[in-house]
Structures are given as structure tokens and as C-alpha cells.
Amino acid sequence: MAAGRTLKELADYLGGTVAGDEGKTVIGVASLDDATVDQVTFLANPKYASKVATTGAGAVVLPPGADRHGRNAIVVANPYLAFAKMLTLFHVAPRPSRGIMEGARIGDGVTVGADATIYPGATIGAGVTLGDRVTIHPGAVVYEEVSVGDDVTIHANVVVYQGCRIGNRVTIHAGTVIGSDGFGYAPDGEGYYKIPQLGIVSIEDDVEIGANTTIDRAALTATVIGRGTKIDNLVQIAHNCVIGQNCTIVSQVGISGSTRLGNRVTLAGQVGVAGHLSIGDNVMVGAKSGIPGNIPSGSLVSGIPAFSHREWLRSMAVVPKLPDLKKTVAALEKKVAELEARLASE
Amino acid sequence: MAAGRTLKELADYLGGTVAGDEGKTVIGVASLDDATVDQVTFLANPKYASKVATTGAGAVVLPPGADRHGRNAIVVANPYLAFAKMLTLFHVAPRPSRGIMEGARIGDGVTVGADATIYPGATIGAGVTLGDRVTIHPGAVVYEEVSVGDDVTIHANVVVYQGCRIGNRVTIHAGTVIGSDGFGYAPDGEGYYKIPQLGIVSIEDDVEIGANTTIDRAALTATVIGRGTKIDNLVQIAHNCVIGQNCTIVSQVGISGSTRLGNRVTLAGQVGVAGHLSIGDNVMVGAKSGIPGNIPSGSLVSGIPAFSHREWLRSMAVVPKLPDLKKTVAALEKKVAELEARLASE
Amino acid sequence: MAAGRTLKELADYLGGTVAGDEGKTVIGVASLDDATVDQVTFLANPKYASKVATTGAGAVVLPPGADRHGRNAIVVANPYLAFAKMLTLFHVAPRPSRGIMEGARIGDGVTVGADATIYPGATIGAGVTLGDRVTIHPGAVVYEEVSVGDDVTIHANVVVYQGCRIGNRVTIHAGTVIGSDGFGYAPDGEGYYKIPQLGIVSIEDDVEIGANTTIDRAALTATVIGRGTKIDNLVQIAHNCVIGQNCTIVSQVGISGSTRLGNRVTLAGQVGVAGHLSIGDNVMVGAKSGIPGNIPSGSLVSGIPAFSHREWLRSMAVVPKLPDLKKTVAALEKKVAELEARLASE
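Protein chains in written order, with the numbering used here: chain A, 1 to 346; chain F, 1 to 346; chain Y, 1 to 346.
The shape of chain A in the complex, shown without the other chains (with noise of 0.2 Å):
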């Protein structure tokens, strides 16, 4: 069903040069061990190199300065992109527009951009704007007076409560709630007395969200999620948090309100961070950590609470030798008041 590529026309397409047959035509992509003739294959970890020469590919995708064994190569600077761009040109089908479907619920004041799909069963709040493009599945519900922008997927199930704003080409998996009521209640003696949510959260460009994620919306403001973050599944994001650019949060984290997020935090899975935060930029927290304090951009930390991670794993291979450290410590208590008693007789 993929149309073929010469090898120039990949090479085009991928910023590379071709070593080799220009003319080849490749119709997919595959891995060394499994290609045949009409794919072509890639080498992104360097230690299956000699991989290179006995592929059954018809071509390889090389890093400079890698031997291609005498094979069809195009020489890119990171073969794993090309990988994924290749992915994408073979083998990812453009979803054709479908327009407003039969059975998909339209409130009052809608407007809708060209060549949008919305299925069935989604449910689009009145007053919603949607670009050119989007595709709306099956039980999604957008509630009254969103924006949501150009060429951005909301999956099946997906809730967007009202007056949220979603920019464009985000992608939202099956089941995530968006805009929620923020956490926040005030004591009034003897339960609680909820503090209304009057803010929105607002989703900048080019997110993608997993799914059953929540993101709740601020008591005030805004809750935003800045340009280029990725979340995975499962992830909680409190209200008034603010989460920089190109951040990638993995499945489970949960994130306290207020907190404030550079560009380019890496929180790896089931990560918790506290509230009223400021975590700075290109920050890597390890998995399962938990972040009491504010951390400097730059640093890599781990456990509960974190610290420098280096630090943490030297620490982390003394926890096993704690109960033989505490047997050696009792030992020598016992072997220096000996020693005192037996100087103090002399």
C-alpha cells in the first residue's frame, strides 16, 4: 500500500546522503535481523554493526563514519530519527476526513474548521471552537466554550471540561480528563468547604497526552502544559502547575499544585513532586523519586526525598549492608570501652 522511495528521495526526505544505488527503491522499513531486499533497515546502536554486512536489507541508514559493508546506505547524522521518519513515511496512512458524522452531538454555536473528522457518540459543548483537521472519536466530550486548534486527535473517551484551550497538532489518548476541578477545599472547622475552580488549563502546541491522564484546571488561572511536552499514561497534574517546554513526564507521576516546571525536565515513572515548586530546566529526576524541595536546573537526582542520583545509588548499596553495619558499629562499642577500661586499670 506504501508507494516506493528511490533511496535520493529518502535521502531527501531525511537529510542524508546516499552511499551507493541512488535508483534503489524501498517500499518499507524493518529491522537488521528481519528486512528483506525491498525494506530498508537502519543501524542506530553501534554494537550491531557487523550486522551492516549480512542484512538481508536492500539498504541501510548509517551514522557518518560507519562501515556499510558495501551495501546501499544513506549516511544521517541520527539513524534513530530517520528510523521513526521512516516509520512515518511507510507506514502511517493519513485518516481521510470524514466530516461531522451522523450521531456525533453538535451544541449550539459550534464552529468547526475544514476537513475535521467527529465520530458518533462525541459530544461538542456549545459555544466550542475546533481547527481545520481535527478528529474527534467516538465518547470524547467537550464541554461548552473550548478551543481546540488545527490538526489535533482527541481520542475516544477523552473529557475536555469547559473553557479549556488546546492548541494545535496535540495529540489526547482514550480516557484523559482535562480541566477538572483542582484539588482545594477550605477547612471550616470540622469538614471541608471547597474552594470553586475558576481557571482553565490551557495545552500549548505540539503535546501529546497518554492515556487516563489528568490534568486538573486552576483555581484561577491557568493550568498549562508548554509546547512540546509529552505525558504518558496515568499521570497527575495538579491545578496552577506549569510545566515548561519539551518536557517529557512518564506514566504515573503526580505533580502538586502550583509547581513550576523548566524546559526539558525529564520525570521518569511514578515520580512525585510536591507543591508550590520550581524544578529548572533540563532537570532528570529518576523513577519512583519524591521531590520535597525546589531543585536547580541542570541536576539529576533520585529517592525519597531526592538528592544528587550519583550519590543516591553509592548510598542505596549501603542499605543491604545496614543490619551487618550495625552488628560491626555494636562490636567495636563493645571492643573500645574494653580498651578504655583496660587502659584506665593500668
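Careful, some of the hints might be misleading.
[What the hints assert, rightly or not] With a straight-line cut-off of 20 Å between C-alpha atoms, the simulated PhoX-like cross-links for lysine-lysine are:
id : chain 1 : residue 1 : chain 2 : residue 2
1  : F       : K335      : Y       : K327
2  : Y       : K8        : Y       : K24
3  : A       : K326      : F       : K326
4  : A       : K326      : Y       : K24
5  : Y       : K326      : F       : K321
6  : F       : K327      : Y       : K335
7  : F       : K24       : F       : K8
8  : F       : K326      : A       : K335
9  : Y       : K321      : A       : K334
10 : Y       : K321      : F       : K321
11 : A       : K321      : Y       : K335
12 : Y       : K8        : F       : K327
13 : Y       : K326      : A       : K334
14 : Y       : K327      : F       : K326
15 : Y       : K194      : F       : K335
16 : Y       : K335      : A       : K334
17 : A       : K24       : A       : K8
18 : A       : K335      : Y       : K326
19 : Y       : K327      : F       : K321
20 : F       : K321      : A       : K321
[What the hints assert, rightly or not] Which residues of chain F face chain Y? A partial, calculated answer using Cβ under 8 Å:
id : residue
21 : M101
22 : E102
23 : R105
24 : S180
25 : Y192
It should be emphasised that the hints constitute simulated quantities derived from the structure, not laboratory data. We put the CB at the ideal spot given by N, CA and C, even for glycine.
Chain A is fixed; fit chains F and Y onto it per the hints.
Chains F and Y alone, transformed into the frame defined by chain A:
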């Protein structure tokens, strides 16, 4: 849109007293920094007391004894609670009842109270009872024989399994699942035999539950969420748990089966509680902690496994120094052995 | 409603033998404390053995060797399993097939087996195959080209993405998402380029999956959930994972990409497993643990990072004593220095 209120009216609503112009009218609430002459602001944190002199607000809500700097003021015991109440008064518009809308799916024998709103795409199973002023959003699915009290809001794509009971003034946010089967199996040699989960979930009055949370039905009786308890997003409450009144359960907490919480318990984010435990009243558990045993009332605990929070802080301060501690002990061992050898040779 | 059974019939169903009146009829099952003369009860925990003498039940299911105190009894190897089977027999009513109900959305080329129930508001995409006796609840969305086996129950608002395969006798609870895109991106200098996720999820026979869980599709091949495995609520299973047979994966566990679990693995609540790992058969991981490396078959581990559970318990017992240990070591250092000084001066 919100109607203006005189300071006298506002003070009566808040249970406070006016100092200054009782007839002054305000039309909204904003922060000390942002408020304008038509708005009221509030002083909740004493460190901002000097801003009372300079705020642009037309009036300030203050605690007793705070300097009003000659401004119009309303004196109340709890300005933060007053802020929440004023937000509600000025900025939360009641949603007018829209009735059972076309496209709502209503099963046989359903009873619906006065002034309800059931949106298109909501599904109400046979035999369900809904109270007055109930709002059921699109995509919510209420299985058979559920009972729902008055003034309940069920957001989009919530699922309530059969037979569950929901009290009055309960709000359930989008995507939450109430009454799915508890995780119970009997090993049968090779694999697992499912233990039928025949009980229900009972949610008492004034509970709010966040988005994408899960509360499992009991095996035989009822999983209970006590009156006034607030549950955040992505929380797991397993079968047969009994949660007390006015508890605060923060995002991503997990509570294993048959555990009982007292009243006013606070579980911070990502806490895990083992099964069949008893957690006393007023217990507070620090973020990410793991609770393996019963906790007496009034305790403040942290850690995995958890112990006294104060002692946990002191222990965690030692963790980064464990490698040094281990080296110090090794050096001491060597020195003590040398001392022993020297004394032995004398 | 449930038909009565003689003890003889019940013993045959359970694979046990009657002691006492084989013709005695019972109509339900209840606990030792609650059962009445028309009900059967069971003794699973030896510490309640004395209640066999005093229970009001008409018969007791017992393990071999237990004293029946003259009561009617059924002797079985595993009374707890028998309890689960009796609950099913007496108290789980089969749901009669209701066919494809009006308001169900069925795509082109869908095939549906015998005796299915597809509720109003369910969406079945084009080319989907559904087996016999399948139940699809309201709001569930099955994308194109999914195949579903016999005797499968898909609860409300579940989403299954395109092309995924579901075996026989599988139950998926509300809000769970099967087949959302894996979290894969190639850094492209400034930001991230999405790696197309072209594989599927394959769920084998006899799997049960809880509510609001997420299982991502593979990048190229299949994420696999092995036969008989039970998965709780809010679990995350990342792309390319292969989960073995009869595993037990408790709530809020997260398993990173490309990790393989053997058979009969138990992961307790909130465990995290890193990516590209191999976890052997019969491994048990304690609650909240973090697994950074491969685990050999038969291991029982805990901790972050995890090591032997038995050693972890011993280490954790030292943690609260770390401040004292540190003080003791400091005191020893001082004493040893004094001893050294004294000996040096002699």
C-alpha cells in the same frame, strides 16, 4: 454578571463585621495584587499584611487584630474560608435545570427528581433512582438499580456499577469508576478462580471524588466512603474498605482491601496502605509513604515502611551520608584492631 | 431466586465428599457467623474451627481432618476455593442475551457471534469481529479491526484501539484503555519526534483487567498479556511488554517498555519495573518496590531499588535507628582518637 453586594451584606454572609463603609458595593473577589476598587480582596497570610495599605481593592477581608490601614474591611475569623465563600457567591453561577434532554438514554423504571439535568449521551440503567437537582453529564453510565441522592453532579464518562448508592451533595469528576469488581481470586492450583464481587459501594453525603479514580465494590457487603471525605484524581480504593468522615485522600493514593480509615485522616500523594488495617482518627501520612500495619489515632508518619514523621526526617538526613558512615566504621575497625594488637603485645 | 442444592449435588460440584445428611438442601452461602439453617458456610481459616460447633448454618464446607462437631459437612481440599465456587453457583445470575440493542453503533463489516449483548451507546468500529456471548456495555468504544473472542465482557467506557486482539473469557472493567500509543519519541535536537506505534495489544484467554488501567500497543509487534493473568485497577503496562501466564498485577503498578514477565509473577501494589528487563517465573515483588534490573525466577524482593525481601526487612528495621547509629559512630571516633593519643604519649 454577578450581582453587587454591600459590605454589610457580605459580612452577614461570611459571619463577620464591617469596619468602614457598610454601604460600599463590590462585585467580585481578587487577590491583593490584582483587585480593583469594585472588588473585595482578602488577607490570609500575615506576611502580606503590608499590602493591605496599597491594594487597589475596594475592601479587604481581614482576621481579627490585623491593621486595616484605614481601608474598608470585613473582619472574619478565617479569611481563607471567607475567600472561598466569596468566590462561590460572586463567581459560581447555578446551572439551570435542563431536564431529561433528547439523546439521554433512560432505562425502564427510572425515577428522576425535580429540576434534574440529564445530558444527551448519558445512560441511566433500569431501576435507577435519581434525586432532585441531579446533573448527569454526557457519556456517564449508571448501571441498573443505583440510587443517587439530591444535588449530585456526575461528570462526563463516569461509570457507576449496579446497585451502588450515592448520597446527597456528592460530586464525581470525569472518568471515575464506582463499583467495579474487587480484585479477589482464589488460587485453584494452576491459576485463579474469580471470587464473585456481590457487594456495593456506598458514598455518603458531601463527598467529592476527582477524575479517573476507582472505588471497587465489596465482595459481600459495602465499600464505604464516609460523609464529607474528599478524594483526588487517580486514587484506588479497594473492595471492602471503610473510609471515615472528612478524610482527605490525595492523588494516586492506593488503599488495599478491607482497610478501615478513621475520621479526618489525611493521606498525601502516592501513599500506599496495605490491606486489612485499621488507621485511626486524625492520622496524617506523608507523601509516597507505605503503611504496612495499623496506625493509632493522631499519628503523623512517613517512610516505606512508615514510622514517626519526625524521626523519618532525621533518618532521611543520614541516608546521603551512609557511604561516609560506612567508610568511617571501616576505618574505626582498623584502628581498634591496631589498638588491640598494640595492647596485646605490651 | 437461586435454586436449592442438596449437599450431594454441592459436593459433586465442588469435588468433595459429604459427611452427614446427603439430602439436606441449602439455598445460599454465608459466613460462619451469619449463616442460617438454609445456608452452607465454610471453614477456611483454622483459627475459626470452634465456630463450626456453634454456627447456625445447615452445613459446613471443611478441609480434610477438621472436626465437623456432628454437623452436616462437605469435605474439600480447598474450602476457600469452594466458597468462591459456591458464591458463583448460588449468587451469580447469568445475564440473558439482549442482542444488538437499538442505539448501539455498529460499523461496516462487523461480525457478531451468537447470544451477544451490545448496549445502546456502545461503538463497534468497522471490521471488528465479536465472538459468542460477548457483552459490550454503554460507552465502550472498539476501534476498527479489533477481534474479540467468546464470553468476553467489556464494561462501560472501555476503549480498545484498532487492531488489538482479545481472547476468550476476558473481562475488562470500566474506563480501561487497551492499545493506546506507546510512549516513544526520538529526540530531534530541540524537541521530540514521535515514533509511530504500529503494533497491537494481544490479550490471551481468561484474563481479567480492572478499571482505568492502560495497556499500550507495541511499536512494531505486540504487547502481550498472557493467559489467566489478573490485572487490577490503574495499572500501566507500557509498549512491547510481554506478561506471562497467571500473573497477578496489583493496583497502580507500572511496567516500563519491553519488559518481560515470566509465569505466576506477583507484583504488589504501586510497584514500578524499569524497561527492557526480564523477570523470571514465580517472582514476588513487595508493595511500592522499584525493580531496576533482571530478577531470577523464584525471587522474593522488596525495596527501591529492590533486593532480597528478607534482607530488606532487616535493613528497614535499622533505618529508624540511623540517627543513633551516626551519633554512636561519632562518639566512637572521638574515643578511639583519645585512645590513640594516649597510647602515642606513653
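Hint check against the structure, violated hint numbers in rising order: Violated: hints 4, 11, 12, 15, 21, 22.
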